[in-house]
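Going down the list, the protein sequences come from chains H, C, V, D, Y, Z, S and U.
Numbering of the first sequence is given in our numbering, commencing with residue 1 and proceeding in unit increments.
Numbering of the second sequence is given in our numbering, commencing with residue 252 and proceeding in unit increments.
Numbering of the third sequence is given in our numbering, commencing with residue 503 and proceeding in unit increments.
Numbering of the fourth sequence is given in our numbering, commencing with residue 754 and proceeding in unit increments.
Numbering of the fifth sequence is given in our numbering, commencing with residue 1005 and proceeding in unit increments.
Numbering of the sixth sequence is given in our numbering, commencing with residue 1256 and proceeding in unit increments.
Numbering of the seventh sequence is given in our numbering, commencing with residue 1507 and proceeding in unit increments.
Numbering of the eighth sequence is given in our numbering, commencing with residue 1758 and proceeding in unit increments.
Some hints here could point you the wrong way.
Here are the computed lysine to any residue pairs in the SDA-like style, where the Cα-Cα straight-line distance is at most 25 Å [to be verified]:
1) Z:K1314 - S:R1588
2) U:K1816 - U:A1765
3) H:K59 - V:H576
4) D:K812 - C:D335
5) U:K1816 - Y:A1106
6) C:K310 - C:E323
7) S:K1565 - H:R88
8) V:K561 - Z:V1407
9) S:K1565 - H:D84
10) Z:K1314 - Z:G1366
11) H:K59 - V:R590
12) D:K812 - D:R847
13) D:K812 - D:A843
14) S:K1565 - H:Q212
15) H:K59 - H:S204
16) H:K59 - H:Q92
17) C:K310 - U:M1860
18) Y:K1063 - Y:G1020
19) U:K1816 - U:H1831
20) C:K310 - U:V1909
21) C:K310 - U:R1919
22) V:K561 - Z:T1384
23) C:K310 - C:M354
24) Z:K1314 - S:V1658
25) S:K1565 - H:S204
26) H:K59 - V:A588
27) V:K561 - Z:G1366
28) Z:K1314 - S:R1657
29) H:K59 - H:R94
30) Y:K1063 - Y:R1086
Please keep in mind that the hints were generated in silico from the structure rather than gathered at the bench.
8 protein chains.
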Amino acid sequence: MRRERVRALLAEVAEGRLAVDVALAQLDHAPVDELGFATLDRHRALRQGFPEVVFGQGKEPAQVVAICERLESHGDGFLVTRADAALRAALQGRWDAADVNAMARTVLLRGAAPPPRGTQAVAIVTAGTSDLPVAEEAAVTLDAFGHPTMRVTDVGVAGIHRILAQRETLAGAAVIIVVAGMDGALPSVVGGLVEVPVIAVPTSVGYGAAFQGLAPLLTMLNSCAAGVTVCNIDNGFGAAVAAARILAHPR
Amino acid sequence: MRRERVRALLAEVAEGRLAVDVALAQLDHAPVDELGFATLDRHRALRQGFPEVVFGQGKEPAQVVAICERLESHGDGFLVTRADAALRAALQGRWDAADVNAMARTVLLRGAAPPPRGTQAVAIVTAGTSDLPVAEEAAVTLDAFGHPTMRVTDVGVAGIHRILAQRETLAGAAVIIVVAGMDGALPSVVGGLVEVPVIAVPTSVGYGAAFQGLAPLLTMLNSCAAGVTVCNIDNGFGAAVAAARILAHPR
Amino acid sequence: MRRERVRALLAEVAEGRLAVDVALAQLDHAPVDELGFATLDRHRALRQGFPEVVFGQGKEPAQVVAICERLESHGDGFLVTRADAALRAALQGRWDAADVNAMARTVLLRGAAPPPRGTQAVAIVTAGTSDLPVAEEAAVTLDAFGHPTMRVTDVGVAGIHRILAQRETLAGAAVIIVVAGMDGALPSVVGGLVEVPVIAVPTSVGYGAAFQGLAPLLTMLNSCAAGVTVCNIDNGFGAAVAAARILAHPR
Amino acid sequence: MRRERVRALLAEVAEGRLAVDVALAQLDHAPVDELGFATLDRHRALRQGFPEVVFGQGKEPAQVVAICERLESHGDGFLVTRADAALRAALQGRWDAADVNAMARTVLLRGAAPPPRGTQAVAIVTAGTSDLPVAEEAAVTLDAFGHPTMRVTDVGVAGIHRILAQRETLAGAAVIIVVAGMDGALPSVVGGLVEVPVIAVPTSVGYGAAFQGLAPLLTMLNSCAAGVTVCNIDNGFGAAVAAARILAHPR
Amino acid sequence: MRRERVRALLAEVAEGRLAVDVALAQLDHAPVDELGFATLDRHRALRQGFPEVVFGQGKEPAQVVAICERLESHGDGFLVTRADAALRAALQGRWDAADVNAMARTVLLRGAAPPPRGTQAVAIVTAGTSDLPVAEEAAVTLDAFGHPTMRVTDVGVAGIHRILAQRETLAGAAVIIVVAGMDGALPSVVGGLVEVPVIAVPTSVGYGAAFQGLAPLLTMLNSCAAGVTVCNIDNGFGAAVAAARILAHPR
Amino acid sequence: MRRERVRALLAEVAEGRLAVDVALAQLDHAPVDELGFATLDRHRALRQGFPEVVFGQGKEPAQVVAICERLESHGDGFLVTRADAALRAALQGRWDAADVNAMARTVLLRGAAPPPRGTQAVAIVTAGTSDLPVAEEAAVTLDAFGHPTMRVTDVGVAGIHRILAQRETLAGAAVIIVVAGMDGALPSVVGGLVEVPVIAVPTSVGYGAAFQGLAPLLTMLNSCAAGVTVCNIDNGFGAAVAAARILAHPR
Amino acid sequence: MRRERVRALLAEVAEGRLAVDVALAQLDHAPVDELGFATLDRHRALRQGFPEVVFGQGKEPAQVVAICERLESHGDGFLVTRADAALRAALQGRWDAADVNAMARTVLLRGAAPPPRGTQAVAIVTAGTSDLPVAEEAAVTLDAFGHPTMRVTDVGVAGIHRILAQRETLAGAAVIIVVAGMDGALPSVVGGLVEVPVIAVPTSVGYGAAFQGLAPLLTMLNSCAAGVTVCNIDNGFGAAVAAARILAHPR
Amino acid sequence: MRRERVRALLAEVAEGRLAVDVALAQLDHAPVDELGFATLDRHRALRQGFPEVVFGQGKEPAQVVAICERLESHGDGFLVTRADAALRAALQGRWDAADVNAMARTVLLRGAAPPPRGTQAVAIVTAGTSDLPVAEEAAVTLDAFGHPTMRVTDVGVAGIHRILAQRETLAGAAVIIVVAGMDGALPSVVGGLVEVPVIAVPTSVGYGAAFQGLAPLLTMLNSCAAGVTVCNIDNGFGAAVAAARILAHPR
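Pulled out of the complex, with its shape left as it was, chain H reads as follows (with noise of 0.2 Å):
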């Protein structure tokens, strides 16, 4: 029950056009996504000229058609996340204006009126080449939220110079997004580096006793570097909405 049909119900009380145990009633059967609590619906918020997000996991190329068509029929364009080669194939050929990233494994359509650009920077640091299509669906998302992203690849602890030779450009970030796998050390390395916000993100990246990422996750869990805070494993889209979260609203 949206807040102006609210105030109508209130105004016919007013009027005497509606009797008080009747408008009673109505509000006690008023479901609650109805009653205007503008923080209940996140994608609302997220939407002012934001693009949806679609997972593509385990979906039919044809469901996320469907689904990206009636998106984009509300005028807000979409992001698809997961989406393997068939889903990209699909979502080319019904938009061509789509941005399809084959490394990120993403296709976003922009909405006309995209979200205005940001004016901080996001870090997004990996520490091998394998862990790019996690960092670059992180880029991804970003990008469309409308955050700038500055990449600082390869630096992985093994060779300590690498990052410490970066360190001009960890000091322009306002967050720092590190995407690790194997023995997911880099965040410990640069959350001792910086004060800025660092998320860590585990990858699948490895074999053996990485164990699928349970290895740089628990690593990551237990950083020695105060402060870092860790997504799931291969969750870029979570880091950067993570990054979002904190640059969404000026402190």
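With chain H's structure known, arrange chains C, V, D, Y, Z, S and U on it following the hints.
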């Protein structure tokens, strides 16, 4: 080799008092920590009015007292975390002015020039009363760093109206720390209600298949609310530092 | 030794045609399954108008067809679960009248005398669209057993208003099955909203630290809503049978 | 904002004593818990003659006494679970009339108007004598809720005749709770013997590869008897509430 | 319904004193345990001169004493395993004649008619001295069952000559129990040296990645010597019973 | 250095044809496997009419054919396990006389002098039809070693009368192999019904929390029937060898 | 800023062509990797005649070819590990002279100035034939680095005489790499036979409770032979580098 | 049968004083440990001036004292590891001259002829102060074996300048042992800074998702610095022996 020393060396070279090869050799052997990499020493930056933090677990009371005496001699104050009853007694006995918090297991001695008081608040939300010690550790840490906190307690999702009733409090927070054991479901709900950063802390509260916090840890890593990030089990201190990283600089 | 045979044996003893020792020896060697322990043979009881259930996974299509032909010859109909595309095609090719459900991966042939239609409904609630196959398996199973179902879909807790808006539907259910992957938090919320039995089914939906359903499984076992019980991962069939057990007898 | 307050507000609007916009604003800020969502507050419903339940583990005796004093002041009585010896002594010292059960680790104070006595019984079946404390917790909880119980003890499957000899008892139960540690095999046998709901509770009884209850937990989740549902390890209380949910309403 | 009672019933039918239907009804309700299924009650068979076994862990000394008094009244003697110091003292205090073995944590009271002494020996092999308590539990159990044992101690594979030097002893055994913690490698070597049955028992000896016996358990399950079977961690009693099963009947 | 060669060497020394030092040096360099340690070379012992066993998994068909040709040249025959379709075809193509068992994934070529037929039978019991391949591997292996087998299939504990009805068959077995996936409860029941050795084999049959056989493995290790021993998951071959060890020598 | 550049800068200062402050600023901004920290860049050191190593897994053939072309342009040669058939074909097609090893999954192109041949050999010992690919990867790597290797294959501990027969070979090695799957017991035996460094490599060979190499990994970490160190599962390359570290410098 | 005895036996044969068959029989029964396999008895080799090592954990003080008295009687001295306070007191009370190290939990009695002092040093690097007991155990062990050690303490990667500042110390080491708990990231950085062997030791330092050392163990096994090898959790002694193996022989 602090910057002043490098300048002096260069001056000697410029004045012809030092041969190029000798200067080169001295630069060769300068330890990195003398090169003046400001960002390398996180502690110094944090120490600008902040207390140093000592992890008390597994240390003898006498050791911790000795460490704290050294810290106090720098005029910085200190915050001891994971202080058991014996350690708290030892510290209280040595410093009358220290703030001892038995539930948080912390001892705080404020420095001569405490950090300026922040204007933005961190909401600390707990699912059950057993999660309070972890929440309290986070609160004491944030207080020591100068950030105001708000408490929202006992709002586990089994009585969903409890957290919904706190929407206004949540809306007033710049960052939200959610502390939960057992099913660890609360951050998913909170993450859907707000747009600000949400930091989830699993606790070891529970029994059986909670596996000392593994269950809520996995829940939080898989949160269906995008952009929730996670700390180690029972790591209230880490969550507070993560919040402080977010609040540290204007955005 | 079915009850009739025991009666006949006793009659022979009464008539003096069978010596006591011979009768005793025959009773001694009667296999348990012939003693007419009605409760021992669950299948017979369930078969009163119900289809027999065949677990299709890991069986050759020809094997399953053969099993189903035998079942059909008893006039009972059958329900095949976990039927992949090849198996569904084989069964459809053999029985035109069979109901094939690709999403649920089931094939149902109703018996000559289907079970009477129940009057109490089971609500099947899903957190996300990817949980639908498991929910559908539960729904088809309940339908085969004669129980009406209601669907509440895509009401994950990250948008808490979605489940709250369905309170009236939930209030009309005699049993609620909640199907969720990823964080598995939905049963905790539903369990707090209703007083009827809540059966939670974790799904293998998700990635990374979801560990093929381990994360929601642990969440549900640790639900902060008391009295929620849990089935195996992806076990929609088991949840339906658990609901049918509850509905089977008047209370 | 309880229903009465909304009615009063509407009356004021009807009488012209309150402007529509002011009434609208007051409704806007009404916390959800005041909107009279009856189903949201499960505790109130359960409290109709039922004692409130307090989880005693990890709380100071003084804290629990204080909580119970508040509950008693409502006239409701209380049930404290996971009460160790010290807590039991503290509660017994404060309330002479309380029923203390050392094996179940419970303290029960019946309310002024206890719930009506149910007519349907719950069978509580244990595999070994070491499983008795968990069974006892379930029994005390069901008793507090007004449901009669029957005990079937020490009927582990290694002596299969023991459970078979209890078929008549099982046949008389409306719900069966099966408590087992070690191999956790008993629910699979019981689930095959009866058609009523079977709730399985793994216990931490055992050693070595029992891994504190993990082994029977997995056994039960994979029960080859369809429709068996599972509670957390050692969670006798949860199993009792699940049974109470089943028995709560006529079907 | 013991066989005698069935015979009496049949006699009554034969004599015309009992109607067929009444007899049928009585048979219907005869509990299985009264039908004289000799093989169902393993304990009775084992009791032929063997002591009954009581698992002492987690039981109060008074409880165990009471159980043992009942057993002794049958003239059977008893074997209590996992008896801690308090329990051992209680039993010793009650029965002077009991054999108390502190390392094995056992108390044995031989029955009036102990089982006949076997002629075939079981070799009990341990990798290190810390594995001795588990080996001793196996030895006491076998002794109680009448089987001779041979000990081969401290022959871990890091000094491979130690086990090789014992080939003659091994060659004289009818069954070999191998007890090992840490790497659990010894059964693989022994299994390759002999052709008799090898029963492996992992122990919780070790630290760190031994994970309380998980490491040797997995090692033994994956033994490269074919035909090695495995017991639960620290389960010396179980290994002894497995050996007794092998030795029980001539082959 | 086979015993004959040592004897020859000694004879040469005795005859003065070989100097002591030369003989000593030859003995020094004799590989251990030539020293005639009969018990060291298990394979030779088993090879007395038994086929050699080749583990086919992960080997190229051509490799396995080559190995088998070498074995056949010794006149021993061979048994290839874990042979997939391609490997089975390759072996069948090479040896017409080979027995190919697709379900067991085995290829058996009997040797010129097959082992004598044993008189004692091994019962192979399976809980469900999906467990048959593992049971079949055990059966083929025992057959190759000359031991008769009996099959008891589809007697899972959810229909407890099924296994009880087979008591006579079980009573006729010298050893019982119990194969079960999912809850793995069957060995506990069988172990309680018989006194002969029971060897439990968990299978990877099941889904979800069966975790590829981990659930039944843990169940079996924690069996409440004493003296049940356990093999690796899906290891039908190992169970057969364990049974053969028991049957190998008269007791 | 390589050392030459720092020297040039100092020379300019000495000659008065560069002001001290300007030189200071240039030094301030010199990335760490240009400061000539020889030990920081491990790759340069290794590149002294050694091939660079490229981890092929998860990379596109075209990507790897491009990387290798760059490496070859430096005259260094390269070693590609984890190269599947497609990648091996692509590299072989591009470089005729490359050594392709299908079993080791490696492609090696020797540099213009290969490293000098070492005089000390590494023994690579394998438990079973299925462990050979991992052993081969280690052998190819050591060969590329100039170290001779010796192979000892198929000496698993179930036939203990096999490894004992190789004592002389082991005695001639400066370092021993032991590769084993399944029970992973071999390093414990080898570690007890020799005094030289023993590097253990678990492999994912096996099935069931081998859990993709977890079982031998735990075995090796708990080796009862002191001083055995362990590499990641299947990490033949890592073991070779560990051996090369040991052999790199005279001691 | 030592070589001398075989020579004597051969001489008797040569001299005709011993029949060939008798000599053959004596050789047949010679235990392997008498065959003079020098390398089989590692202890003897290590004992050349080295103390014997006794693992004190889980042994009674009286037992350890007895063992040490026997060792001392050989003139060898001894090193007891994992000695708790009671054991340390018992040993100190018996041997005044013993070196007791409470932090390392060791008691060392040097032998009459201690091993010669090595010239090459082992660097023992720790991430945090809580890792010191493990490092100290390694240091005491190396000292007992005659190898000099250097300590680099509290250089965790969160303050990366700390380890960089120690490059010169690291450069002077022949072997480096890196001890770290929590995230276990330090060996990856050290492994990239040096070319000498790096032995990583995870510790159980930390809490929550450190899981008693599992987290750093996995980190180290997945180290992105090639050639780092790993010991068991908290196994400082093992790391020291691994280093001693490397230093034992000139290369």
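Results for each hint:
1. For the hint linking K1314 of chain Z to R1588 of chain S, the alpha-carbon distance of about 19 Å falls within 25 Å, and the restraint holds.
2. The straight-line distance between the Cα atoms of K1816 of chain U and A1765 of chain U is roughly 43 Å, outside the 25 Å bound, and the hint therefore fails.
3. This hinted pair does not check out: K59 of chain H and H576 of chain V have alpha carbons roughly 39 Å apart, beyond 25 Å.
4. For the hint linking K812 of chain D to D335 of chain C, the alpha-carbon distance of about 17 Å falls within 25 Å, and the restraint holds.
5. With a C-alpha separation of about 14 Å, the suggested pair K1816 of chain U and A1106 of chain Y falls inside the 25 Å cut-off, and the hint holds.
6. Taking the CA atoms of K310 of chain C and E323 of chain C, the gap is near 18 Å; set against the 25 Å cutoff, the hint holds.
7. Our distance criterion of 25 Å between C-alpha atoms is met by K1565 of chain S and R88 of chain H, whose separation comes to about 20 Å.
8. Under the criterion of a C-alpha separation no larger than 25 Å, the hint pairing K561 of chain V with V1407 of chain Z is consistent with the structure, at around 19 Å.
9. With a C-alpha separation of about 17 Å, the suggested pairing of K1565 of chain S with D84 of chain H holds against the 25 Å cut-off.
10. Taking the CA atoms of K1314 of chain Z and G1366 of chain Z, the gap is about 23 Å. The hint holds against a cut of 25 Å.
11. Taking the CA atoms of K59 of chain H and R590 of chain V, the gap is near 20 Å; set against the 25 Å cutoff, the hint holds.
12. At most 25 Å may separate the alpha-carbon atoms for a hinted pair to count; K812 of chain D and R847 of chain D meet this at roughly 17 Å.
13. Of the pairs offered as hints, the one joining K812 of chain D and A843 of chain D holds, with about 12 Å between alpha carbons and a cut-off of 25 Å not exceeded.
14. For the given pair, K1565 of chain S sits about 17 Å from Q212 of chain H by alpha-carbon distance, which is consistent with the 25 Å threshold.
15. For the given pair, K59 of chain H sits about 22 Å from S204 of chain H by alpha-carbon distance, which is consistent with the 25 Å threshold.
16. Restraint check: the Cα-Cα separation between K59 of chain H and Q92 of chain H comes to about 16 Å, which is no more than 25 Å; the hinted pair holds.
17. For the proposed pair K310 of chain C and M1860 of chain U, the alpha carbon gap of about 12 Å is at most 25 Å, so the pair holds.
18. Annotation: proposed proximity of K1063 of chain Y to G1020 of chain Y is violated, straight-line Cα distance about 53 Å (limit 25 Å).
19. For the hint pairing K1816 of chain U with H1831 of chain U, the CA-to-CA distance comes to about 22 Å; that is within 25 Å, so the pair holds.
20. Restraint check for K310 of chain C and V1909 of chain U: the C-alpha separation of about 19 Å stays at or below 25 Å, so the hint holds.
21. At most 25 Å may separate the alpha-carbon atoms for a hinted pair to count; K310 of chain C and R1919 of chain U meet this at roughly 22 Å.
22. Of the pairs offered as hints, the one joining K561 of chain V and T1384 of chain Z holds, with about 9 Å between alpha carbons and a cut-off of 25 Å not exceeded.
23. Taking the CA atoms of K310 of chain C and M354 of chain C, the gap is near 19 Å; set against the 25 Å cutoff, the hint holds.
24. This hinted pair checks out: K1314 of chain Z and V1658 of chain S have alpha carbons roughly 19 Å apart, not beyond 25 Å.
25. At roughly 14 Å between alpha-carbon atoms, K1565 of chain S and S204 of chain H fall within 25 Å of each other, so this suggested pair holds.
26. For a cut-off of 25 Å, the pair hint linking K59 of chain H to A588 of chain V stands: about 20 Å separates their Cα positions.
27. This hinted pair does not check out: K561 of chain V and G1366 of chain Z have alpha carbons roughly 34 Å apart, beyond 25 Å.
28. Restraint check: the Cα-Cα separation between K1314 of chain Z and R1657 of chain S comes to about 20 Å, which is no more than 25 Å; the hinted pair holds.
29. Taken as a hint, the K59 of chain H and R94 of chain H pair is honoured in the structure, with Cα atoms around 17 Å apart against an allowance of 25 Å.
30. Using a Cα cut-off of 25 Å, the hinted pair K1063 of chain Y and R1086 of chain Y holds, with the two alpha carbons roughly 10 Å apart.
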